[in-house]
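A.B. asks: Sequence:
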Amino acid sequence: MKNKKAGFLLVLICILIITSCSTGPKDLTAGKTAQKIVEESFDKWYQLNNYDMDMTTRMKFSTGQDAMDMSMSGKITAFQKPMKMKMAMEAAIPGMADKMKIEQYMMEQDQKVILYQLLNGQWQKLVINDPAMSKMMTMDPRDNLKLFMDNLSKAELLGEEVIGERKTVKIDLVASGKIFEQILKGTAGNSLGLGTDFLSSDILSKIGDMKYIIWIDKTTLETVKCQMDLSENMRNLGNALAESQNTPKEMKEIFKNMEMTVEYTVSNQNKAQDFTIPEEAKNAKEVPYGKS
69 MKNKKAGFLL VLICILIITS CSTGPKDLTA GKTAQKIVEE SFDKWYQLNN YDMDMTTRMK
129 FSTGQDAMDM SMSGKITAFQ KPMKMKMAME AAIPGMADKM KIEQYMMEQD QKVILYQLLN
189 GQWQKLVIND PAMSKMMTMD PRDNLKLFMD NLSKAELLGE EVIGERKTVK IDLVASGKIF
249 EQILKGTAGN SLGLGTDFLS SDILSKIGDM KYIIWIDKTT LETVKCQMDL SENMRNLGNA
309 LAESQNTPKE MKEIFKNMEM TVEYTVSNQN KAQDFTIPEE AKNAKEVPYG KS
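In terms of the numbering used here, the sequence shown opens at residue 69 and continues consecutively.
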């Protein structure tokens with residue numbers, strides 16, 4: 069059961085989460101508002117062909133008598149044209165002596181999202197037959213940027229900070245909760261295999277604003293690092309689910325008091341190493357998932 073919960077949560081993080089030069093030392097942030105810096109940085113990110121991300125996620129939640137304090141860390145390599153992604157994560161779960169290793173490959177093909185997952189030495193193939201989700205994951209960069217900027221309600225410069233050898237500006241951001249509804253509407257419930265009512269438009273509208281801090285390189289405008297505390301969003305989701313008669317009891321319990329934080333750094337912009345999906349993954353037995 070714990071393995072199933074971990075797999076579900078990792079896919080959810082992918083989705084929510086799926087809702088990320090200059091020549092010389094010139095400061096490209098000088099004289100610009102925080103909102104303008106963010107817009108130019110995200111425009112650059114959305115135009116990338118590929119990049120690497122190092123990510124750490126921590127979640128605390130309980131179901132029945134079980135309390136879980138789960139952390140996950142690992143690396144993501146993403147290619148955007150066409151969309152494909154590789155994730156290699158390790159999860160530390162109470163009660164398990166060894167860390168759970170999770171390897172995933174995701175790609176979009178024929179308006180379907182295909183997920184290959186290696187969990188406990190066993191490959192699984194999950195086909196998410198959801199054109200809406202496929203469209204979301206292959207959205208035109210200009211539309212992606214417009215969606216974000218239309219929902220950006222706050223951008224405030226907090227100062228400057230050196231990350232590694234990179235001089236960055238640190239910016240506090242708030243994106244309207246409406247962005248969750250617009251990104252996930254019509255996809256989340258079906259794509260998670262839980263039915264259309266699990267994350268209805270009404271429930272999505274109650275998730276609340278997304279708050280995070282972002283670090284942007286002053287001389288390249290590249291996004292370097294991001295921190296998000298999604299605890300309030302998860303609890304809002306739990307409260308909304310508690311009011312729904314269509315949500316499994318276990319799902320209500322998971323989100324009711326969940327704490328969740330995410331931190332990631334971005335590197336190797338347009339220099340990420342290409343990869344191929346292993347043959348044993350391609351030949352894995354398909355697991356029923358989402359729409360049929």
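Misleading hints may appear alongside valid ones.
Capping the alpha-carbon separation at 27 Å, the derived lysine-lysine pairs in DSS-like fashion look like this [to be verified]:
#  : residue 1 : residue 2
1  : 167       : 143
2  : 100       : 193
3  : 104       : 238
4  : 286       : 112
5  : 214       : 350
6  : 167       : 214
7  : 143       : 193
8  : 180       : 100
9  : 286       : 324
10 : 169       : 353
11 : 279       : 100
12 : 152       : 193
13 : 214       : 274
14 : 350       : 193
15 : 214       : 238
16 : 169       : 339
17 : 214       : 286
18 : 339       : 324
19 : 152       : 169
20 : 193       : 167
21 : 246       : 128
22 : 286       : 180
23 : 317       : 128
Between beta-carbon pairs, the in silico distance windows are [what the hints assert, rightly or not]:
#  : residue 1 : residue 2 : range
24 : 347       : 228       : 27 to 33 Å
25 : 225       : 180       : 37 to 43 Å
26 : 111       : 351       : 37 to 43 Å
27 : 167       : 295       : 21 to 27 Å
28 : 338       : 180       : 23 to 29 Å
29 : 180       : 156       : 21 to 27 Å
30 : 233       : 115       : 39 to 45 Å
31 : 98        : 333       : 39 to 45 Å
32 : 234       : 208       : 47 to 53 Å
33 : 327       : 217       : 28 to 34 Å
34 : 98        : 311       : 47 to 53 Å
35 : 134       : 98        : 26 to 32 Å
36 : 314       : 225       : 42 to 48 Å
Calculated directly from the structure, the hints in this document are not laboratory data.
We put the CB at the ideal spot given by N, CA and C, even for glycine.
A.B. asks: Which earlier hints can't be squared with this structure?
C.D. replies: Violated hints (numbers, rising): 2, 5, 6, 8, 9, 18, 22, 24, 30, 31, 32 and 35; every other hint is consistent with the structure.
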